[in-house]
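All chains should be built: construct the whole structure from the sequences, respecting the hints.
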Amino acid sequence: MSEEEMLNSSFGQGELRQHAEAHRAFPSLIEIKGGISSPPNALATYTSEWDMAKISVPRRFLEGEKVEVKQREKGLRGAWFEAVIVGVLPGKRIVEYDELLTDDGSRKLRETIGVSALFDGGSLSTTSMKSAARTAKQTIRPRPKPLEYPRPLSWLKGMWVDCWYEDAWWEGILVDDVTSTDAMEGSHLILTPSTEVEVDFPAECEILKIPIKDMRLTQDFQDGGDWSLREADLSGYRSSRLGKRKAQMD
1 MSEEEMLNSS FGQGELRQHA EAHRAFPSLI EIKGGISSPP NALATYTSEW
51 DMAKISVPRR FLEGEKVEVK QREKGLRGAW FEAVIVGVLP GKRIVEYDEL
101 LTDDGSRKLR ETIGVSALFD GGSLSTTSMK SAARTAKQTI RPRPKPLEYP
151 RPLSWLKGMW VDCWYEDAWW EGILVDDVTS TDAMEGSHLI LTPSTEVEVD
201 FPAECEILKI PIKDMRLTQD FQDGGDWSLR EADLSGYRSS RLGKRKAQMD
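No gaps in the numbering here: position 86 of the sequence shown is 86 in our numbering, and each next residue is one more.
No lab work stands behind these hints: they were computed from the structure. Heads up, none of these hints are tricks.
In silico lysine-lysine, PhoX-like type, Cα no more than 25 Å apart, as pairs:
1. Lys70 x Lys213
2. Lys145 x Lys157
3. Lys108 x Lys66
4. Lys74 x Lys92
5. Lys70 x Lys209
6. Lys145 x Lys92
7. Lys108 x Lys92
8. Lys108 x Lys70
9. Lys145 x Lys66
10. Lys92 x Lys70
11. Lys66 x Lys92
12. Lys145 x Lys213
13. Lys145 x Lys70
14. Lys213 x Lys157
15. Lys157 x Lys209
16. Lys108 x Lys74
17. Lys66 x Lys213
18. Lys209 x Lys74
Please read all numbers here as calculations on a predicted model, not as lab measurements.
Next up, the structure:
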């Protein structure tokens with residue numbers, strides 16, 4: 001199937017997010033006063049063997065793979081929607097969302113998403129890999145691996161969490177500590193899955209109460225394919241902003 005045919009098979013109008021590529025431009029000739037035929041390395045134009053080295057990268061996000069796609073439109077910023085890959089094109093993937101529907105509600109929405117060269121397979125020079133990693137905006141990732149949480153639960157104010165809300169995972173920050181102990185100790189609230197806690201959603205400037213059962217700790221997908229927990233945001237700026245926003249809500 002050609003690229004045009006595959007795109008035409010999508011439901012509705014797909015949106016292609018272009019990833020900018022940074023290019024490194026060098027002059028073809030450097031003139032040095034005094035007629036130096038071999039200018040010092042600091043002034044010379046050259047490409048090192050390391051920069052020219054080719055590194056093979058595997059193609060990721062293949063057909064049938066379950067993924068999450070990040071939205072950047074106002075009202076949806078910070079939300080990851082679950083989807084499955086239904087088409088693979090050079091520099092692009094066609095996804096079908098689990099929960100989002102077409103405008104008439106008759107079918108699941110399909111969309112074309114741009115992917116970084118880091119995930120498209122082939123051989124890249126070291127310079128190209130650095131450039132792609134520097135400029136890529138992450139809009140697609142595998143679904144995070146489930147985490148096992150210690151008991152009793154102890155999440156601290158400022159930790160990043162993903163909250164399941166309106167059919168997507170939204171990135172937020174805990175407003176207060178979420179801590180429980182054994183019932184016999186009684187020094188903290190005994191949390192249940194339905195206990196609601198306040199979460200700040202900075203991308204949309206909102207604070208909402210979310211049940212614990214609909215939360216998970218935020219993990220970031222790394223270029224190499226690994227996952228890492230996002231560091232807590234404990235800055236004074238964040239605390240000040242939260243206080244101001246809570247005062248506006250009261």
